[in-house]
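There are 4 protein chains.
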Amino acid sequence: MYSFKNDYSEGTHERILKALIESNLEQTEGYGEDVYTQKAIELMKERIGRSDVDIHLFVGGTQTNLTVISAFLRPHEAAIAANTGHILVHETGAIEATGHKVISIKVNDGKLRPEDIKPALDAHTDEHMVKPKMVYISNPTEIGSIYSKNELELLSKFCRENKLILYVDGARLGSALCSEENDMELSDLGKLVDAFYIGGTKNGALMGEALVICNDSLKEDFRFHIKQKGALLAKGRLLGIQFLELFKDDLYFDLARNANAMANLLKKEITAAGYKFLTHSPSNQVFPILPDKLIEKLQAEYSFYIWEKVDEYNSAVRLVTSWATKEEEVLGFIENLKKFTVNK
Amino acid sequence: MYSFKNDYSEGTHERILKALIESNLEQTEGYGEDVYTQKAIELMKERIGRSDVDIHLFVGGTQTNLTVISAFLRPHEAAIAANTGHILVHETGAIEATGHKVISIKVNDGKLRPEDIKPALDAHTDEHMVKPKMVYISNPTEIGSIYSKNELELLSKFCRENKLILYVDGARLGSALCSEENDMELSDLGKLVDAFYIGGTKNGALMGEALVICNDSLKEDFRFHIKQKGALLAKGRLLGIQFLELFKDDLYFDLARNANAMANLLKKEITAAGYKFLTHSPSNQVFPILPDKLIEKLQAEYSFYIWEKVDEYNSAVRLVTSWATKEEEVLGFIENLKKFTVNK
Amino acid sequence: MYSFKNDYSEGTHERILKALIESNLEQTEGYGEDVYTQKAIELMKERIGRSDVDIHLFVGGTQTNLTVISAFLRPHEAAIAANTGHILVHETGAIEATGHKVISIKVNDGKLRPEDIKPALDAHTDEHMVKPKMVYISNPTEIGSIYSKNELELLSKFCRENKLILYVDGARLGSALCSEENDMELSDLGKLVDAFYIGGTKNGALMGEALVICNDSLKEDFRFHIKQKGALLAKGRLLGIQFLELFKDDLYFDLARNANAMANLLKKEITAAGYKFLTHSPSNQVFPILPDKLIEKLQAEYSFYIWEKVDEYNSAVRLVTSWATKEEEVLGFIENLKKFTVNK
Amino acid sequence: MYSFKNDYSEGTHERILKALIESNLEQTEGYGEDVYTQKAIELMKERIGRSDVDIHLFVGGTQTNLTVISAFLRPHEAAIAANTGHILVHETGAIEATGHKVISIKVNDGKLRPEDIKPALDAHTDEHMVKPKMVYISNPTEIGSIYSKNELELLSKFCRENKLILYVDGARLGSALCSEENDMELSDLGKLVDAFYIGGTKNGALMGEALVICNDSLKEDFRFHIKQKGALLAKGRLLGIQFLELFKDDLYFDLARNANAMANLLKKEITAAGYKFLTHSPSNQVFPILPDKLIEKLQAEYSFYIWEKVDEYNSAVRLVTSWATKEEEVLGFIENLKKFTVNK
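Chains as they are written, first to last, in full-length UniProt numbering: chain A, 1 to 344; chain B, 1 to 344; chain C, 1 to 344; chain D, 1 to 344.
If you are wondering where the hints come from, they were derived from the structure by calculation, not from laboratory data.
Heads up, a few of these hints could be off.
No distinction is drawn between identical chains; accordingly, a pair holds when it is met within one copy or between any pair of copies.
[To be verified] Straight-line alpha carbon distances no greater than 30 Å define the calculated DSS-like cross-link-like pairs of lysine-lysine that follow:
1) LYS18 x LYS326
2) LYS131 x LYS5
3) LYS18 x LYS39
4) LYS18 x LYS5
5) LYS131 x LYS219
6) LYS276 x LYS326
7) LYS118 x LYS106
8) LYS133 x LYS106
9) LYS309 x LYS163
10) LYS131 x LYS163
11) LYS118 x LYS5
12) LYS106 x LYS309
13) LYS163 x LYS133
14) LYS131 x LYS39
15) LYS39 x LYS5
I would like the entire structure built from these sequences, with the hints used as guidance.
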């Protein structure tokens, strides 16, 4: 049974494993104050093109999101997210548990634009309602779409004009930045947003997300918040070593490129087999619409999520590729898909 | 510069590293639903001698404590801890951040006994005060002392009579259970307390704590709380693989035994050199009282914490040994201590 | 300038004022443990027809809602509310500030039915999402609609089958129960729901809401939560005296009947004048759709809220009547409306 | 049975009652935006001698404290209080429920001085501990002592040097400012502290506390916090009318003077009867040490709290006088005390 369920089914890239092995018996300072972490941070700052950002390493994404939002907002302030937003749907109320409402905006493609946000600002008029203060977006979004540079610029401008903090959840940021349709770089994020994180867990690390705080006013005492939320890893070097390896050359992007290439191959072949997709997704998640009977047969050999029912006989499924997905597995899947299609 | 600062300065035991390498490219389910985690849990249940406990793996100790206390208590209920308790002093208000007061009880040796707790119960008489509902202890305590089986039995009885949840922070539980003065086993904990955790981070794992919930009434929906607190690791197998390796034979205890043996050696030799200790500590932390001038010289070669000033010329320092501490390093330290003592 | 903005523009009914004056210099116990509060609670229990419910008096509605929800739910549990629900829109994130998500269900008439709730239950499938645990409704709803006995019975049955707590915000409960379309009594609420509150602030009291907890499992330690949320009034008798006066005979319902009668008069006359309404509202709020030019003229003489724009030239306004609204003021308003209509 | 249990046993001063009656049927804006509240605020600003402070009216003290602390502090920041502090002992963890630790400082007379606070600052050294950010004091303290102007000046200077917010709980502020030993005025508070509240509930109002925010940086969006905590009273004028009456002349202080005079009479006569006091208390609470047998007899006629056991045969009791305490009741108490003393 091969899995296209997600991009964290395997361990880590062999270079990361090697780096962990080589440093294993060294003694280092705890809590991210080790030399590996410091070096990794320096390398990422160079990539971002700003030496003045603050970078903190976390173990996971929900942890990063709840620490960031709780640290950045005052109690009466709320975050705005697309209705598909991870913090709205898949984090068990982690943000609300820190005291903050998340305002849901219904959109079709997972992306927030100024015209989607404006009505929410207008509707929150006085102290009987929460005060919208942060715009939370994911790139790529939870349904695989990505922001263009122009879209992010417009959003950034809108947020600055309206004193809104713009925060980007980059759980799969590598896949977005390496998409064929992408026209942005890390350095653009560094200029346009207040904070974002560079996801490692879903791009070949054992675990780890690198939070980048660009806005000076949000930096103060941030490590207190990390510790308070239980997110300060004792052997912080584990994160440092991994991000150092990912960013000492292009490994981070190479891994994302493999995931995207495999997703593109899936899209091409599934299209060739005559199927359509639920949504346009230029990153490492694809959402083909398949007959339920075909899905049933595929499930005997492959593991993946059924995303949603489309009509009486068809459903969209989610196939996720990763840094570790091999072309032979994709081709095998396609072969099965064709075989079951013929036999239907 | 050799470090006696803590027991998480190195990476992990080579067997754990090997297990990670061997399983690296396997695909597994996420979020702790993989086979490694299930096997590790089975092995720990056997050690505890109860198949009916629930076991959940966490990345770190503060994370475990805040998830547990937040899940177990209603909003008006409070935890009771010794004044040295980790949740009171060193977790940046993590427990209060989930809404709960921690009641501090002043004790001398880090340990709570029924007679220490009773006055706090008596002082909380009505709805104008929080309701004490949990007793939080650490074994070993933050200053290295350990509970005897009889002490834990008395505490357990008292808690049950007073409807208090008894929770044991076992960040260094291996060291306690392998202490020469210990007369308890994991199975005793399983019988006497409502929940406890088996610390991995400070006993040779890369990271990881295994929470054991013994009391049925505290088990429901616990995974929701783990997720909400950002503590559900995507590649949960990383924790499972480590605890599987630690408990497939006696590795967990062997590692603790090394830490204790090295601490005992330190105590023996420091005593022989004519120094006294701040507190009786039969586990892997020792607190010798040394002349400030000697401390200054030692600091040029070794890294460790100065615990507290004892008088005008002397301070207690904290030396921590670990699974990775080598006898030659301890002997080297002693040699230096003696050399600097002679030259003082 | 006469106000139809809300039902808390005046002080209190003269009988309540008289009761306050007469008892003013008596000494009583604080925090609701006085004899007036005890008597008021007894009278309300009789009306509800259950001596086994617990009743607690609060100062205001948001305070009641946040204390109730925070006390009843565990951290990972969420409340479900109609998209117009007061806790969703007009309480500044008070519920989220206690750590709980409120799930919004889009409905047209302000009312929740089992078929509205079922999809939300189905969508929350595992520990990556909050667990829906409470259904919050208002009767009347925020847009003036009321629940029939049959509707509440169906909802009650559904909640019990799905282990959901059913809680009714009764800020304007008097108006609902005295509506011409109502077929329920207080005793029906006592049988069908887990908790509800009888609103005083919006029905002639200076302030005050009486929370009724019907479900035994939700009663324990409730006063701790009241105190913790800053809701335990020192001179609790102020609430007791008022509810005693409201329930020693039919005063509570008489006051609501006046509000409803005045609303009915408004509806009748506005209909006669040729205007329609945004929504069917058989309680003390009416939502006529009027030309914007007419609204502008009315605003010179009357204060009320513009509810929403309906088309280019017309808007719905909200007119609220109360225990204190006089027929002459309603007639005066109608006269003006007709006058401005003629002159338009 | 006459009560010396507290200073909120009776209703309100007749002038306040009269003002409520006279305004009863007027229509006013809700939520404190009425003219009475505005006038009351203007009068208080004049007394404080600063037109630039912000004043908000609350219903009760715990509500005020939790709203203030939650609004002023970031999640990792803590308040420092004397071990007797109301927020530490008698508010059911209300502050912790908003996420903040309260650091307890052991003092003997209920007062905090710079030398008491300094060690707490020194002990909180890094991000593993909360960050002390507010100093919470009460004047008078919970055991009746009061701050001199010089003491408050030293504290203010210390707080400003250490970037600590100085907040004064003034539940019984009238009694402090009217004490024979007092050398401060409202205007001194306005200059020396960041925020304080002028207590009404314990000084003759039905309910009500006037929060004064002096520090500009703490003012923004404060009404959002009031609403979120359920503390924005719908008929806000009830608070405005009362504070208007209290401050339109010297009524607020006259009421406090009566409470103090009655307390002084108690102290004088109890001293004359040969008894001592637990603590020096120049405000409206006195703590005489009486034989347990005498206490028992007094309890048959009077209601009051037994504060603490002093030795095997004696206890300290707390007697509280108020704006409503009559000389004849005090003299009656003294008579009984003497009678029972003779007969002992």
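Do the hints match the structure? See the list:
no.	hint	in the structure
1	LYS18 x LYS326	both (21 Å within a copy, 24 Å between copies)
2	LYS131 x LYS5	between (37 Å within a copy, 23 Å between copies)
3	LYS18 x LYS39	both (17 Å within a copy, 26 Å between copies)
4	LYS18 x LYS5	both (27 Å within a copy, 27 Å between copies)
5	LYS131 x LYS219	both (21 Å within a copy, 15 Å between copies)
6	LYS276 x LYS326	within (23 Å within a copy, 62 Å between copies)
7	LYS118 x LYS106	both (13 Å within a copy, 20 Å between copies)
8	LYS133 x LYS106	both (18 Å within a copy, 24 Å between copies)
9	LYS309 x LYS163	between (40 Å within a copy, 27 Å between copies)
10	LYS131 x LYS163	both (11 Å within a copy, 27 Å between copies)
11	LYS118 x LYS5	between (36 Å within a copy, 27 Å between copies)
12	LYS106 x LYS309	both (19 Å within a copy, 21 Å between copies)
13	LYS163 x LYS133	both (7 Å within a copy, 26 Å between copies)
14	LYS131 x LYS39	between (39 Å within a copy, 28 Å between copies)
15	LYS39 x LYS5	between (34 Å within a copy, 22 Å between copies)
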